[in-house]
Structure formats: C-alpha cells, structure tokens
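> Sequences are here, hints too, so could you generate the full structure?
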Amino acid sequence: MGKVSILRAFWSFLRVRKKYWLAPIVVVLVLLSLLIVLTQGSALAPFIYSLF
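For the sequence shown, the working numbering assigns the number 25 to the initial residue and increments by one for each residue that follows.
No lab work stands behind these hints: they were computed from the structure. Take every hint as true, because none was put in to throw you off.
Below, computed lysine to any residue pairings styled on SDA-like, alpha-carbon distance capped at 25 Å: (1) 27 to 55; (2) 27 to 51; (3) 42 to 28; (4) 27 to 57; (5) 27 to 64; (6) 27 to 58.
Bear in mind the structure is a predicted one, so any value in this text is a computation, not a measurement.
Quick look at the structure:
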C-alpha cells in the first residue's frame with residue numbers, strides 16, 4: 025500500500041503544481057534503473073554497462 029500512496033502523492037503534486045514535464049523524466053529514470061537491476065546477473069550485463 026505504501027508504493028501506491030507514493031504514486032498517488034506524486035500524481036497529485038504534478039496536477040496541483042502543473043509540473044507535467046517531470047513525468048517523462050521520472051519514467052525514463054525508473055525504466056533505466058529497472059533495466060540495470062534486471063540485467064545485473066545476466067550475460068547481457070557487460071553490454072548494458074558499456075552503454076553508460
């Protein structure tokens with residue numbers, strides 16, 4: 025339930041403050057972090073880390 029409330033609070037912050045430009049930045053950061061975490065133990069890890 026804690027993660028849902030964080031997302032709800034973030035969405036209400038974006039709506040109230042009219043900072044919709046923050047949403048794509050946060051989405052890209054989350055996707056990149058998931059990519060790094062999910063490929064950490066696989067054979068793809070050297071290729072992913074060479075991108076950064």
